[in-house]
Every structure is written in structure tokens, then in C-alpha cells.
Amino acid sequence: MAKRMPASRLLLGLAGVMTLWSGAVLANDDLLKQQQDAKQWVMPLGNYSSQRYSALDQINAKNVKNLQVAWTFSTGVLRGHEGGPLVLGNMMYVHAPFPNTVFALDLSKGGQIVWKYEPKQDPNVIPVMCCDTVNRGVAYGDGMIFLHQADTNLVALDAKTGKEVWKVADGDPAKGETGTSAPMVIKNLVLIGNSGGEFGVRGHVTAYDTKTGKMVWRGSSMGPDADTLMDPEKTTELGKPVGKDSGTATWEGDQWKIGGGTTWGWMSYDPELNLVYYGSGNPSTWNPVQRPGDNKWSMTIWARDADTGMTKWVYQMTPHDEWDYDGVNEMILADVKVGGKDHKALVHFDRNGFGYTLDRVTGELLVAEKYDPAVNWATKIDLKTGKPERVKEFSTEAGGEDTNTQNICPAALGSKDQQPAAYSPKTGLFYVPTNHVCMDYEPYKIAYTAGQPYVGATLSMYPPKGDENLGNFIAWDAGTGKIKWSLPEQFSVWSGALATAGDVVFYGTLEGYLKAVDAKSGKELYRFKTPSGIIGNVNTYEHDGKQYVAVLSGVGGWAGIGMAAGLTGDQEGLGAVGAYKALSSYTALGGTMTVFKLPD
Amino acid sequence: MLSRGLRLFVLASAFFLTVFLITTDRSQAQDSTTAAADEEKPYKIEKDGTVDWATFSGFRRFNSECFVCHGPDGVGSTFAPALIDSLKTMTYEQFLDVVTNGKTEVNTAVQKKMPTFGTNPNVMCYIDDIYAYLKARSDGVLGRGRPAKHAEKSQEAKDAEAACMGS
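Protein chains in written order, with this note's numbering: chain A, 1 to 600; chain B, 1 to 167.
Using C-beta positions, here's what the derived DEER-type ranges look like: (1) B:Asp128 / A:Thr72: 45 to 55 Å; (2) B:Thr119 / A:Leu32: 48 to 58 Å; (3) A:Asp402 / B:Asp97: 22 to 32 Å; (4) A:Pro599 / B:Val141: 49 to 59 Å; (5) B:Glu93 / A:Asp518: 53 to 63 Å; (6) A:Lys62 / B:Thr116: 51 to 61 Å; (7) B:Gly140 / A:Lys465: 20 to 30 Å.
Derived coverage of chain A by chain B (criterion: at least 3 residues anywhere in the stretch with Cβ under 8 Å from a Cβ of chain B; other residues may be distant): (8) 78-91; (9) 124-138; (10) 444-450.
Derived from the structure by calculation, the hints contain no laboratory data. Idealized CB from N, CA, C, for every residue including glycine.
Between the sequences and the hints, there should be enough to build the whole structure, so can you do that?
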């Protein structure tokens with residue numbers, strides 16, 4: 001595909017609609033093919049279906065116990081390292097949090113640095129990133145590497161040389177708009193979502209032309225139909241048309257303008273349906289009393305036409321959020337049998353603690369069950385109406401302003417945050433890294449100032465009553481909505497999982513262990529302590545006939561805030577017990593990639 | 001060594017200047033030690049654990065505006081300092097200065113950037129409350145989590161809040 005670059009540039013020189021179309025097809029074909037090549041890892045979540053599954057099986061359940069470190073690489077950055085490296089042919093692309101350094105390493109030359117890109121960014125963007133200066137990875141397409149910087153700039157770099165091809169600002173950090181999410185390349189477009197829900201930023205996904213950086217479409221999470229790219233008749237929720245200006249109708253006055261619903265999670269794409277799927281985040285502020293209404297379309301699963309951005313269907317999981325349960329987690333596309341019927345499904349583990357299975361063609365809700373038994377804010381989801389049946393005791397709206405509503409599960413971190421799950425078509429199971437945390441939540445009145453935090457609630461977080469563990473790693477049956485097995489973890493599991501044809505599932509822990517477990521039973525087969533806590537995603541690739549497993553360690557992110565395991569009481573915190581259980585007694589900062597292999 | 005000595009000198013000057021300001025502010029009736037002691041205990045905690053309204057209010061504001069970086073209850077995070085430690089050496093004036101005007105420490109080893117909260121009423125209207133809370137935490141007299149009991153909100157506090165927040 002490197003050869004195609006000059007060809008497509010030549011075509012561009014000829015100008016005209018035909019040219020753009022030809023370029024689009026080339027890029028599309030290229031990535032469509034490459035995402036199926038198990039030897040490479042061409043997009044952050046492995047493939048367009050976001051399955052994080054690899055057909056490689058050289059490392060398997062029998063021999064994984066012999067795994068050893070092949071080589072390591074320091075990013076030179078200390079803060080939280082989310083995401084993971086890409087592998088294309090001989091090249092590996094490694095990214096880092098702010099200042100968002102990108103390295104291109106030549107795997108055939110022992111990981112020699114071919115180029116390094118380090119953007120100059122105004123440090124004033126650092127404090128408007130709510131929860132550390134994380135970045136979830138770069139994307140590849142059309143011979144370029146796309147980087148979504150903290151300051152919202154989207155940069156296209158020549159994959160061979162690291163030279164800047166174009167650069168475009170997606171938003172304004174002075175208003176609290178930032179960039180943390182990984183881009184996705186679809187045909188001739190590169191798509192990005194924005195961050196800043198805690199600053200009253202209105203969310204949107206924007207598609208830019210891969211060749212020029214020119215904006216092609218932008219779909220907002222709220223606002224009039226022209227902003228949300230909805231058709232009152234044709235866009236549906238659970239089969240019913242959404243109606244005119246549904247993105248403003250459930251807001252009081254102009255509140256939708258600072259309504260949140262940012263789109264900082266992951267995207268998936270179905271090439272046959274030509275639909276792109278993603279979720280929108282929390283409505284701003286965290287004080288529900290201050291923003292009456294359903295606050296559409298925050299907390300929503302979106303299906304948009306990839307070419308035009310027009311919305312095919314939506315489903316709002318948590319109308320009128322009262323707990324900060326962002327709907328941004330990954331949408332995994334898989335074939336799932338529900339009640340004896342095969343579905344082209346979309347499986348989503350929401351922050352609100354429910355695992356959803358939807359028909360991704362129609363947006364019909366098929367399954368919605370708790371993937372952590374601790375979840376208590378709702379008893380169940382009504383599959384017909386799609387509405388959660390809320391429990392008054394845990395409603396911060398019912399409690400009202402200046403009242404501390406206690407023992408709500410899950411906490412604002414969600415039963416799972418952005419850390420992506422994996423799906424193995426071999427076992428038919430989903431492997432989900434989860435948080436097992438509850439909270440007290442007290443909303444109060446707050447004023448909006450552009451570029452300043454717009455939170456409006458006080459939180460305390462702790463493990464569910466009677467439990468010591470803050471996390472679980474689970475296997476999930478999306479057809480029935482049942483947990484197959486669950487492995488307790490001392491801290492939240494904040495690392496993206498990897499499933500392989502070798503019947504091994506990998507994930508990282510906050511203490512810094514890379515763990516390999518049996519895909520069928522969950523039995524631990526291997527562990528290795530990396531230099532720092534893992535909040536990155538585990539990837540795999542093949543080079544020179546040998547399978548490798550790679551993961552970034554470097555503790556940070558929301559997981560890195562001083563949460564202590566087993567800390568429930570006021571008094572405990574002052575004593576040695578609390579201090580001993582704090583994450584800081586297990587790991588320290590530092591970004592390193594560790595690459596594993598079997599002995600030669 | 002020279003630069004370290006210089007830094008100590010600057011720190012010491014700042015310290016004496018602060019003490020001087022505090023003492024002059026209190027119309028020189030008290031000696032400097034008493035004045036400093038008052039300044040250092042802006043909270044009231046009864047024997048049964050009841051905290052004054054300001055400390056409680058500070059708990060609420062801190063665990064909303066500040067905790068996303070400085071960690072729950074001021075214990076710090078991987079990217080911002082533990083204020084329960086910082087306030088052991090930081091004066092009220094220094095605290096106010098950093099919150100109002102921000103602070104930058106960005107180089108190859110660290111990327112620390114405190115924003116300017118000077119224009120944010122959700123912080124500035126409660127700055128003394130936040131200070132009282134953090135000082136109680138830093139002095140080790142208040143544990144983690146929500147204070148179990150607190151004094152009622154006084155009319156004075158209600159009026160001050162309404163005037164500051166403009167509602």
C-alpha cells in the first residue's frame with residue numbers, strides 16, 4: 001500500500017469527483033483487506049468490528065506459560081498510557097500521552113527508530129483534560145498515520161517519513177475541548193470524536209478527508225436536526241421515528257449548547273451496512289436537577305452512515321443521567337444468536353453496568369443484563385421501551401440537590417470504562433475488563449464558565465459492601481446476558497483485553513501484571529510484572545514467522561487517581577491499612593512497551 | 001549548590017514576608033506565633049467529630065472541582081500532587097495564588113500544569129472552605145471520605161454564597 005501513495009496523489013492532481021472516488025476505493029480496499037491479516041494490527045481495536053481477536057495461535061493455552069520478554073521500549077513520557085501500538089508490515093507505531101509523541105519502529109531492524117514526531121502543544125491544554133493527559137492511539141490509512149492530539153489538532157503524518165501532510169484543529173481547548181480518542185479511517189475519511197464533557201463541551205463526531213484534512217461532515221450529540229444529522233422520519237429509536245429536533249426537545253432552553261455528550265470512546269464500522277457505530281457521553285452538568293428532561297442524545301448508541309454522517313438509528317441507554325454513566329464504551333460487532341435466532345449484533349458493555357446486545361441493522365434491543373451483580377441503580381431494562389427501571393433509593397435526582405445519595409453501584413467510573421473488551425468467535429464469549437466500585441453522589445447547583453470545570457456533584461468511591469476487590473475480569477455470553485466466569489482483581493481492570501485463536505485471553509492489571517488466562521475456563525496460565533501499572537490494550541502480531549504480544553504499561557488515567565482498595569471507612573484511611581492497599585504501594589509512573597514471545 | 005541556596009533564600013524571604021503580612025494585618029496586637037496558629041487552623045472539629053460548615057462545604061467543593069486531578073480527599077494522583085502533603089508547607093497566600101493564577105511545571109521530566117481558577121465562581125466563592133477542609137486533612141485531624149456530622153449552614157454563609165454566586 002506504500003506504493004499506492006504516489007498513484008493516488010497523481011490521481012488527485014487530475015482533479016474532479018471521479019478522482020476522489022477512485023482514491024476512496026483504493027484506501028477502503030486497502031484497509032478492508034489489511035484488517036483481516038492476523039499478522040498485522042492495523043487499527044487500535046484490531047479490526048473494524050472492534051473484536052480485539054487474533055487468529056494467531058502459535059502462542060496457545062499449552063505453551064503460554066513459557067512466554068518471555070523479547071524486547072522493551074521506553075516512550076520517555078510519565079503519564080497514563082492508554083491504547084496500544086499498531087503493526088503494519090515491518091513497521092510498528094507507538095504513541096504516548098501528552099505531548100503525544102509518536103514513534104515509528106522498524107521491527108526488521110530490532111525496533112530501530114525510523115522517525116519520531118513530537119508536536120508542540122500549549123501546556124494550557126493539560127488541566128482541561130479531566131482525567132490525565134491520555135491518548136488512545138493513532139490510526140493508519142492511505143499511507144498515513146493519523147494522530148488526534150490533546151489540543152484537538154488532527155495531524156496526518158506520512159507513515160514512511162513522519163512528515164506532516166496536513167493538520168486541522170477540531171476544537172478550542174480554551175473552551176475545554178480536548179482530544180484523547182483514537183481516529184478511525186473509513187474509505188477516504190478519517191473520523192474523530194471529542195472530549196470535555198466535564199467542561200460543558202457539546203459532543204460531536206467529525207469526518208475529515210484523508211487527503212486534504214477538509215471537513216466532510218460533523219454530527220453533534222445534541223442540537224437541531226441540522227447539527228445532529230437526523231431525519232425526523234427516517235432516523236429511528238427502537239423502530240420509531242425520532243421526530244423533529246429531538247436533540248433540543250428534551251432540554252430546557254439553550255442548555256443543549258453546553259449539553260456534553262462528548263464522543264471520546266471507540267468507533268466500529270460495518271462495511272456491508274456502511275454504518276459507523278459509537279457512543280455519546282454524559283450530559284453536562286453532573287447535577288441532574290439543573291438539567292430537566294431526557295437530555296437527548298447524551299448516553300446514546302449511534303449508527304451513522306459513514307459517507308454522509310446521517311443517523312440511521314439511535315438508542316439512549318440512560319435518559320436524564322444522574323450518575324455520570326457515559327455511553328462511550330466500544331461497540332463490538334459480532335454474529336450473536338439470541339433466542340435461537342441469528343443476529344448481526346452490536347454488543348456494548350455500558351458504564352451503567354448493563355451489557356447490551358442490539359440488532360445492528362435495525363437498532364432493536366435484544367438483551368440488556370447486568371454484567372456486575374453489584375449494579376443497583378436500576379432493576380432491569382425494559383426491552384420494549386428501552387428504559388431502565390430506576391430504584392428511587394439510588395436516584396440522585398430523587399435525592400435532590402445538597403443530599404448525599406449513598407451506596408450507588410456502579411460508581412461514576414462505570415462497571416467498565418473505555419478499556420475495550422475482546423470477543424472470540426471460537427468460544428463465542430466476550431472477555432470484559434471491569435470495575436467493581438460503588439459511590440456516594442451529592443449533586444449541587446453550579447455556574448457555567450467557558451473553559452472551567454462544570455461538574456456539580458461531590459463523589460466518594462469505594463468497593464461494594466462486603467467486597468475487597470475493585471475489579472473483575474469476566475467472560476460474558478451476549479446471547480443470554482450471563483456471566484460465564486469472573487476473576488476478582490484487587491484493583492479495577494483498566495486494560496484492553498485480547499482474545500486469540502490459541503485459546504488464550506490476555507489483559508493487564510493496575511499493579512502492572514500482564515496476565516494470560518484460559519479462554520474457556522479463565523484459569524490463569526501466565527503472569528509477568530511490567531515496569532508500571534497497565535491501562536493500555538494488549539495487541540499481538542507476527543514478525544518473521546514468530547508471534548509476539550505487546551502492551552504499553554504506564555499507570556495513570558482516571559484509574560490513577562488515589563483510589564485505595566478496601567477503603568470504606570473514615571478511620572481506615574488514616575491507618576496503615578489504607579496506605580498499604582493504595583495503588584501507589586504497588587507501582588510507579590513510566591511509559592514502557594513490553595513485547596513478549598515464546599523462547600526460540 | 002548555589003541555585004539551591006538561592007532557592008532557600010527566596011523561600012525564606014517569602015515566609016518572613018507572609019508572617020509579616022499576617023501580623024500587621026492583625027493590628028500587631030498578637031505576637032506572630034499566635035497569629036500563625038490561628039491562620040493554620042481555619043477549621044473547627046468537635047470532639048464527637050462534627051465539623052463546621054466551612055470544612056464540610058470545602059469537602060463538597062474539593063471532591064467535585066479538584067479531585068479529578070488531586071485525587072479523592074486530597075490524596076493525590078499519578079499526575080497531580082497530594083494536597084494533604086502540599087499544605088504542610090504551603091501558606092494560605094501561596095495556596096490562594098496558585099488556585100487563582102495557576103502554576104506551570106512542564107519539562108521533559110514532568111508535565112504539571114495547574115489551571116487558573118480565578119474566574120470560576122464554583123471554586124473562588126468557596127476558596128476559604130476548600131482551604132479549611134484541606135488544612136484539616138493535612139493536619140491529620142480529618143479522615144478520608146465524607147465527614148459524618150457537620151454544623152448547619154449559617155445565614156451568614158447562605159448570604160455570602162448568594163452574593164458571590166450571583167443568585
